[in-house]
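A.B. asks: Assemble chain B onto chain A, guided by the hints.
As given, the protein sequences belong to chains A and B, one line each in that order.
Mapping to our numbering: the first sequence position 332 is 599, numbers consecutive.
Mapping to our numbering: the second sequence position 276 is 543, numbers consecutive.
There may be inaccurate statements among the hints.
[Said to hold, decoys possible] 20 Å max Cα-Cα, derived DMTMM-like pairs, lysine to aspartate or glutamate: (1) B:578 to B:603; (2) B:445 to A:586; (3) B:445 to A:585; (4) A:445 to B:588; (5) A:445 to B:506; (6) A:445 to B:279.
Don't read these hints as lab results, they were simulated from the structure.
Fair warning: this is a prediction, and the values are worked out from it, not measured in the lab.
Protein chains: 2
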Amino acid sequence: MISIIDVLRRLDAGEIAADWAAGACAEAIAAREADIGAFVRTDIARATAQARAATGQPLRGMPIAVKDIIDTFDMPTEYGSPIYAGHQPRADAALVAMARRAGGVVLGKTVTTEFAYFTPGKTRNPHNLAHTPGGSSSGSAAAVAAGMAPLAFGTQTAGSVVRPASFCGVVGYKPSSKLLPVTGIKCFSWTLDTAGLFAATVADAAFATAAITGRDLRIDRATPATPSIALVRTHLWGEASDAMQRAFDVATRAAEAAGARVRELELPQSFTDAFEAQDIVQNYEANQALAFEYDNHREQLSAPLRALLEKAGHVSSDDYDSARRIARRARSAFNDMVDADVILTPSAPGIAPEGLASTGRPIFNRLWSLLGNPCINVPGLSDQAGMPLGMQIVGRFGRDRAALEAAAFLERALRASAA
Amino acid sequence: MISIIDVLRRLDAGEIAADWAAGACAEAIAAREADIGAFVRTDIARATAQARAATGQPLRGMPIAVKDIIDTFDMPTEYGSPIYAGHQPRADAALVAMARRAGGVVLGKTVTTEFAYFTPGKTRNPHNLAHTPGGSSSGSAAAVAAGMAPLAFGTQTAGSVVRPASFCGVVGYKPSSKLLPVTGIKCFSWTLDTAGLFAATVADAAFATAAITGRDLRIDRATPATPSIALVRTHLWGEASDAMQRAFDVATRAAEAAGARVRELELPQSFTDAFEAQDIVQNYEANQALAFEYDNHREQLSAPLRALLEKAGHVSSDDYDSARRIARRARSAFNDMVDADVILTPSAPGIAPEGLASTGRPIFNRLWSLLGNPCINVPGLSDQAGMPLGMQIVGRFGRDRAALEAAAFLERALRASAA
Chain A
268 MISIIDVLRR
278 LDAGEIAADW
288 AAGACAEAIA
298 AREADIGAFV
308 RTDIARATAQ
318 ARAATGQPLR
328 GMPIAVKDII
338 DTFDMPTEYG
348 SPIYAGHQPR
358 ADAALVAMAR
368 RAGGVVLGKT
378 VTTEFAYFTP
388 GKTRNPHNLA
398 HTPGGSSSGS
408 AAAVAAGMAP
418 LAFGTQTAGS
428 VVRPASFCGV
438 VGYKPSSKLL
448 PVTGIKCFSW
458 TLDTAGLFAA
468 TVADAAFATA
478 AITGRDLRID
488 RATPATPSIA
498 LVRTHLWGEA
508 SDAMQRAFDV
518 ATRAAEAAGA
528 RVRELELPQS
538 FTDAFEAQDI
548 VQNYEANQAL
558 AFEYDNHREQ
568 LSAPLRALLE
578 KAGHVSSDDY
588 DSARRIARRA
598 RSAFNDMVDA
608 DVILTPSAPG
618 IAPEGLASTG
628 RPIFNRLWSL
638 LGNPCINVPG
648 LSDQAGMPLG
658 MQIVGRFGRD
668 RAALEAAAFL
678 ERALRASAA
Chain B
268 MISIIDVLRR
278 LDAGEIAADW
288 AAGACAEAIA
298 AREADIGAFV
308 RTDIARATAQ
318 ARAATGQPLR
328 GMPIAVKDII
338 DTFDMPTEYG
348 SPIYAGHQPR
358 ADAALVAMAR
368 RAGGVVLGKT
378 VTTEFAYFTP
388 GKTRNPHNLA
398 HTPGGSSSGS
408 AAAVAAGMAP
418 LAFGTQTAGS
428 VVRPASFCGV
438 VGYKPSSKLL
448 PVTGIKCFSW
458 TLDTAGLFAA
468 TVADAAFATA
478 AITGRDLRID
488 RATPATPSIA
498 LVRTHLWGEA
508 SDAMQRAFDV
518 ATRAAEAAGA
528 RVRELELPQS
538 FTDAFEAQDI
548 VQNYEANQAL
558 AFEYDNHREQ
568 LSAPLRALLE
578 KAGHVSSDDY
588 DSARRIARRA
598 RSAFNDMVDA
608 DVILTPSAPG
618 IAPEGLASTG
628 RPIFNRLWSL
638 LGNPCINVPG
648 LSDQAGMPLG
658 MQIVGRFGRD
668 RAALEAAAFL
678 ERALRASAA
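The shape of chain A in the complex, shown without the other chains (with noise of 0.2 Å):
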């Protein structure tokens, strides 16, 4: 994997040229996208140009491989579906545009599922081609595990973040809601979809964010601080495989070594109450965001999503309302019940699963999507066949520097347990 800040380190030290990082990536396409099908579509050529002439920006012409959810003004968007076929949008979302203003060089787009829901696309695990990517942000995952992006764009409404970064070993950072903007990002559930990122390592993602938002979001790499850490199961935790449980085990113990506070936290039912929202809030939504596409073109909808659709067109506004402010009571509960700086959770049930006809689950990831926490997937664990188990850092809502800060000091303390 390519390091955004080993990159910057070099260049600055004048060890390789502006468009040094588009030559590693190219290099990386050349032999493994056509096994991974990260990408929709690249533009190398004009990417390695870009970067030549991007100088004394943050970001510094770093490619940056981005979701095909999310539009460009100068590469067509198609959303995963055959409806956007060749669609090229007019403007770039804001998110691109801020990433260009920051120095960044968009690379390709990268194979999401259709409309970031669950049908998937070509994309296969970097580890083990047998198996998905994850999803939806498939190919934005794939593309960083595989050393063909430094950087990639990614949104989550349920897991889409978090899920696939397990799957494929690599950070994946979905902010607190809103701290990045979806202004041009297709929409599923508005009150949900969150734009997130991916690197390689936890210090990597946090320069990112910060080169693009102009937050302070500096992270000490050396000696991050030492968090405070709340063990949360919650009541799926029979639903982890023996190999993920084992991780989580493996993960505290390496905390604890590190010098970490750990103790056991058991959310109430109210918790388990806003896991349930989760679904009602994205599908009443999502039956008004894509209400075009349903009603014009349902023939080109995927079985799976238009059945979604007519069954989110019976959610009605009184469990939409009431979904809400259940979110909002158990928004409020963490503030009051968690008293460590983050909790740490699973980031999947297990091990990407074998095929690709499915994207996994999204089950440990559900909760916090509707709670609008800052997620993290810290990778460094995996399975006797060595396929990636990722560990999920939940930080407080807008505490984001403390939640990666956190996950710097687990990503550490698994490279110590390892070693």
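C.D. replies: Below, chain B without anything else, positioned relative to chain A:
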């Protein structure tokens, strides 16, 4: 003005044909559009044909004028900016798709200020062509006022629904934040942008919103429930014209005469802080939402918008986060201290200002846009020259039915007092 409910009643009674409303709009447009300039474009022939084909749905072919900041798949959408000249969106905004699903037909696109900020379009006030219709939903308010459409869509970020409704003497309804989806509406500020609508009466606005969303917003037109009303003059009372101050007293007495419990309520300093915070949230987000346009088409932005975005680039994340905290605290304080059903406050500082260079000031709207409460402009009062002076009903967040019923109560009380 054309009343939606009257048209539907007459359709039910077999008194008029399915395309009657489209025909009435066409007549008014032929008579007055050359002077008023409410529309960017219309397609009366198509609307008429669609109205003839529409049967059985709640809106049964009702013509809708759509602000040109809202995407339509079959009509260009130019956002009031030369940057988007001729721009044809691929899809309808969610609100438009839902309105068509409910049987509405798109009559045309109405004039918006540039990106729904302040730089005005061509529209004139139907009550006096030498005066502004207000903005940013200039054409939508004017179209309904001039009988050129029974229903029009607009958006409000600071005061862009309630203010032009006040200036043009129509009902303007800004629902609770996100009650109507903003997906497919050009974003200025994702926290603040709110879709709303214009109609002849409060009952028409309530009926149309219920038809589009499926929400229960039925109000008793004949005998609306008697509300308790808090009179909120705000810290900007001194900015209200003498005529507006007198109209406010007339409205207060009319409500009391009709049986409402009315008392004064002075909002504490925290609401003044929230008023200021609206500007910070709006500008910080506009800088990101319009990053593409600023970076790529700066020379095609108006000087005031360019200046705003230049200034907005210097709003820090800390200031923005602080403004959002102020907003959250004010929302909570509203619930704690307002024990009336609704607030009554002016819709605008006075009548529509003379001239077309400015669309007037949203100073009586900013606070409620930030808090997200439902707001309804109730027409019925005017100055000695007959220029409208609107009264604003502000309801509790999420209690839109109660807010609409209180607005209907005031509407009726004003009619009774004028009789």
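A.B. asks: A separate judgement is required for each hint: does it hold in the structure or not?
C.D. replies: Hint check:
Between residue 578 of chain B and residue 603 of chain B, the direct Cα distance comes to roughly 35 Å. Violation of the 20 Å bound is thereby established for this hinted pair. A hinted pair counts as satisfied when its Cα atoms are at most 20 Å apart, and residue 445 of chain B with residue 586 of chain A qualifies at roughly 16 Å. Between residue 445 of chain B and residue 585 of chain A the CA atoms are separated by roughly 15 Å; this keeps the pair inside 20 Å, and the hint holds. Only pairs whose Cα atoms come within 20 Å are accepted, and residue 445 of chain A paired with residue 588 of chain B is accepted, the gap being roughly 12 Å.
Distance hint between residue 445 of chain A and residue 506 of chain B is unfulfilled; the C-alpha atoms sit about 35 Å from each other, more than 20 Å. Among the hinted pairs, residue 445 of chain A with residue 279 of chain B is inconsistent with the structure: their alpha-carbon atoms are about 46 Å apart, more than 20 Å.
Hint check: violations occur at hints 1, 5 and 6; the rest are consistent with the structure.
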